[in-house]
Amino acid sequence: MIRKKILLLGDFSVGKTSLVRRYVDGAFDDKYLTTIGVKISKKLLTLNGEEYEMLIWDVEGSTPSKKISLGYYRGASGAIFVTDVNRQETLDSLADHKEIFLNENPDAAYVVAYNKADMLSEVAKEKIELKDDTFLTSAKDDNNVEALFIRLMEKMVL
Amino acid sequence: MKNIQIILNAILSKDIFEYLTFDQNFEVVDSSAGLVKYLEKSPKVGSDILDFLPELVGSEEEIQEIFSKPHLNYVLESVYKNDYYVNISIEHYDVDRLLVLIHDITDVTLTQQQLLQYSNESILINNTLQNILDSQNALLFVTHNNIITYTNEQFMHYFGVKRMKDLQRKNLKIYEYFDSSLKSYEALYERVNSKEEYIVINKDTFILQATIVESSHTLFTLTKVTKLSNEMQQDTLTGAYKKSYFNTQLKRLINNKEEGIVVVLDLDDFKLINDTYGHQAGDDILKAFVKLIQDNIRGNDIFARWGGEEFLLLLEHTNIEHALKKLESLRTIIDRYTFKHVGHMTASFGVACKEEDDDMHSLLQRADQALYQAKDKGKNCIVFKKA
Ligand SMILES: Nc1nc2c(ncn2[C@@H]2O[C@H](COP(=O)(O)OP(=O)(O)OP(=O)(O)O)[C@@H](O)[C@H]2O)c(=O)[nH]1
Ligand SMILES: [Mg+2]
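Protein chains in written order, with my numbering: chain A, 1 to 158; chain B, 1001 to 1387.
Treat the hints as calculated values from the structure; they're not laboratory data. Mixed in with the good hints there might be a few duds.
[As the list claims (entries may be wrong)] Listed below are the simulated BS3-like cross-link pairs for lysine-lysine, each with C-alpha atoms no more than 25 Å apart in a straight line:
| # | chain 1 | residue 1 | chain 2 | residue 2 |
| --- | --- | --- | --- | --- |
| 1 | B | K1385 | A | K39 |
| 2 | B | K1041 | A | K43 |
| 3 | B | K1037 | A | K42 |
| 4 | B | K1041 | A | K42 |
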């Protein structure tokens, strides 16, 4: 079995913990309990006949003024950058999150989640431009969450 | 020896440590009895250490190095494991073994978590509030201890500032617009207090409402009502204000003993244009000139037509240095603009700053004299005449 470390990174309250919870436990909670430090969850999956164990690091929210310990980034094969599609400032800081992470792990793969898409109207949804490997997700409605993780895994190992 | 010292120190300082050692194959050699509470199952001798400490996955090479380099170590802080928060550190034990120390930091981390939660939630509520304020058409501002602490974008835009800091530096006293004898927002609230009152700010009339939000903050709402009456105050050809309106504003400023700067503007050689190109061309140029100025002044500056090609500008809440800079930029804008029919045009500016013993007549006269000096100097320039 091959083990791979991935990180969820983004501003606070964008839904990092909720995405992991949805993917790993199939559950969702409306209540906000901010993450401090890091919590690691495991998820087994099979890709092309090979079995992998994904070690999912749910890291506390960070911003340019509140950085997280660089130690968390070590040895990661991939990252999911999470934003709250309803909060512009969380989209604005995407570039910073990418830069810090790729600086530590230049060869790592990544995908982007525009989360809380369930709060967008249909009209607003259509206006959003999605670049490659960017997903409109909802941890609440279980929309695109699995696809997000699988896509990252594919980019990492295929 | 060094590690035993650490454990001893920790016990003495009542810190709680558990430990585990593992060999070059990353297999468990031994562990302390209390370790199991942090793990899903108890670590058997010979089992893969990554089964118990998956947080080390990805860092195997870095950790491997510690076997041969005793001075290295590996530290991972604030990891949530089995309802506890721990720091994990890995150190050289001997050539065949590394020591993992698990330091329980649950109590202090839970306190930090609560603080972080509080701070994050406050930021979110703050953002939501700001979005609500910005979604309103009216100008909104909130005061606390006689200082404006929040406003919406519309309010800032109206008063020509971009950030809260600039607004506070400006020290706007909205209550004085309502009644120049008022001394505070509290006094303004007492006067308005759940009624609707009219308030005139510069050229605009607003309906003013006030509400207490929480016991210490007051929300003021300014809803503009003057579109029609403003139109009656405007010069029909150009859309600039009429001289009569300028006069009432200047009178208010003098009566209330406020600061202000008066500018007389004149389009150079305009008579010649009228004679050469006809009155229609003249009208077009005046309209274009007024639009240029209006587009480049603040919402609360008052720009009026005095008559013919002479105009007036009243600038408040600024100082002479800033005003002169602003006027220089207006002069350049006109100088660079290509007017219909004629192309290049210029304007001259006469400037006077209100002094304590000025009345309307003396102030306007000084600005007008400054304009004559500007014309004498060869036009297309700005002259400021001190009292
Ligand atoms: N409507 C909606 N709410 C969501 C979604 N995902 C998360 N939330 C809510 O958003 C809030 C924050 O979610 P978390 O998952 O704790 O966010 P986080 O990024 O882990 O936050 P930090 O740990 O503080 O950085 C919670 O109240 C969640 O219930 C979503 O897809 N839709
Ligand atoms: Mg979280």
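Consistency of the hints with the structure:
The suggested pairing of K1385/B with K39/A is violated, with an alpha-carbon distance near 71 Å, which exceeds 25 Å. Taking the CA atoms of K1041/B and K43/A, the gap is about 17 Å. The hint holds against a cut of 25 Å. Restraint check: the Cα-Cα separation between K1037/B and K42/A comes to about 19 Å, which is no more than 25 Å; the hinted pair holds. A distance of roughly 15 Å separates the Cα atoms of K1041/B and K42/A; the hinted pair therefore holds under the 25 Å criterion.
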